[in-house]
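Based on the provided sequences and hints, a complete structural model is requested.
These are the residues of each chain, in order.
Number of protein chains: 2
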Amino acid sequence: MAVSNNTIKWVRSLALKKNRDKERCFVAEGTKCVLDTIGSFAVESLFCTDEWARLHDVGKAIIVTASQLERMSMLKTPTDVIAVYCMPTYSIDYSAIGETLSLALDNIQDPGNLGTIIRIADWFGIHDIFCSDGTVDVYNPKVVQATMGAISRVRVHYCDLSELFGNLNKDVPVYGTFLDGRNIYEEELGVKGIIVMGNEGKGISAQTEKYVTKRLLIPSYPTGATTSESLNVAMATAIVVSEFRRRMI
Amino acid sequence: MAVSNNTIKWVRSLALKKNRDKERCFVAEGTKCVLDTIGSFAVESLFCTDEWARLHDVGKAIIVTASQLERMSMLKTPTDVIAVYCMPTYSIDYSAIGETLSLALDNIQDPGNLGTIIRIADWFGIHDIFCSDGTVDVYNPKVVQATMGAISRVRVHYCDLSELFGNLNKDVPVYGTFLDGRNIYEEELGVKGIIVMGNEGKGISAQTEKYVTKRLLIPSYPTGATTSESLNVAMATAIVVSEFRRRMI
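Chains as they are written, first to last, in our numbering: chain Z, 3 to 251; chain V, 3 to 251.
Honestly, I wouldn't trust all of these hints.
When chains are identical, the list treats them as one kind, so a pair holds in a single copy or across two.
Computed cross-link-like contacts, BS3-like style, restricted to lysine-lysine with a CA-CA straight-line distance of at most 27 Å [stated by the list, open to error]:
1. Lys204 - Lys78
2. Lys144 - Lys34
3. Lys204 - Lys34
4. Lys204 - Lys144
5. Lys172 - Lys212
6. Lys144 - Lys11
7. Lys204 - Lys62
8. Lys204 - Lys24
9. Lys11 - Lys62
10. Lys194 - Lys144
11. Lys78 - Lys144
12. Lys144 - Lys212
13. Lys194 - Lys216
14. Lys19 - Lys78
15. Lys20 - Lys78
16. Lys212 - Lys194
17. Lys172 - Lys19
18. Lys78 - Lys11
Honestly, the hints are just simulated from the structure, not real lab data.
Okay, here's the thing in structure tokens:
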């Protein structure tokens, strides 16, 4: 079985962001996740069991034992295949931002939330997500897993959001949800602009809030009832993006 | 410190559904979760550290050490307080179902999804959720945690869904989402009825599908684009319920 201990350690090291950033590589695990993504990223290495290789035709694979895979894996349940991909490089096209709908994420912390938001973006045809540098890493294995393949169709950029908003044309609307915003169901919503979603506990930061030009609210029902303090950020994203798309379908 | 090993084991045993069902008790852990729920359920026992008791006025508490709490806890991170609650008993009021909007869950498996769906129901003023017997237990500690207190405002019933639908008045609509359903944004939606959400992988079961009178679809955008196979069930619930409520606000 042609894999050294050093290779196993190297794959395992990609659990940490600092190592992913240094190596410019990330990991996808499990049959579904690998098959959903393998056509979309350059493959650095593909490790799988003999049996997996016989069942799937995915080009050059490195055959390893189940126990070697287990040592590489970041998941609790054993897997038959691990792909190491090269990170793509995306550049920000400011003129394109003005023509379409995008998302900006202001310090989203939970990997499951980021993964789910990428799925929502994919479903509703949003191709660019701009993350503040403090947002959880999209190449975190839990995020990759949670996107269910949507990571291969949505470009996720990391940047200084103030710089991003500062560089926008003045006529590009920036939407954000706030408890004192205006009822999203009744507001006029455009077909272009950036929708900002805030941190799980703190919402949109004061720094980012300065750039928001349209303050929205998802009203609870009935008005004034005692209810949860807020919706989970991924839920709120689903509802807000659905509201934009509804008017365009 | 007035707590025996048997008590610690008993609390810990409530991690399992069969023990919760036998004891008719469930657990809430952590300051936020306990404070959000303590007014809503009968308290069987409240275990906390000396310091927590000094900071919070929640009635009779059993003071324990941090290490005892750790032994009771089902969470990875240590907690200062664990409440054991008596399970409430709800009965199904068929005439009330016909007057309002409710949810039915057909074999939802993931505790996080159920918790999130309960939050959505709470936000949008849905007071009853009918779960198939195969749906994950609402008193699973992960579900209790994920509801962020919403569990105290939404009644979650477990029942045979076929029996539930069979007992409904014929004029109560049953909504479900299907890939061949009709565009939810364009359909007429009532102010009453039951919205069925299906299992994470399999969707709505054939058994339940027979009772669905309105087949809906959340269309992806743009029409016909390659996108994820489906939205996560909690996302879909958020979008569907928002669509019903939008028309009532």
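* Hint numbers the structure violates, sorted upward? -> The structure conflicts with hints 7, 8, 10, 12 and 17, although it agrees with all the remaining ones.
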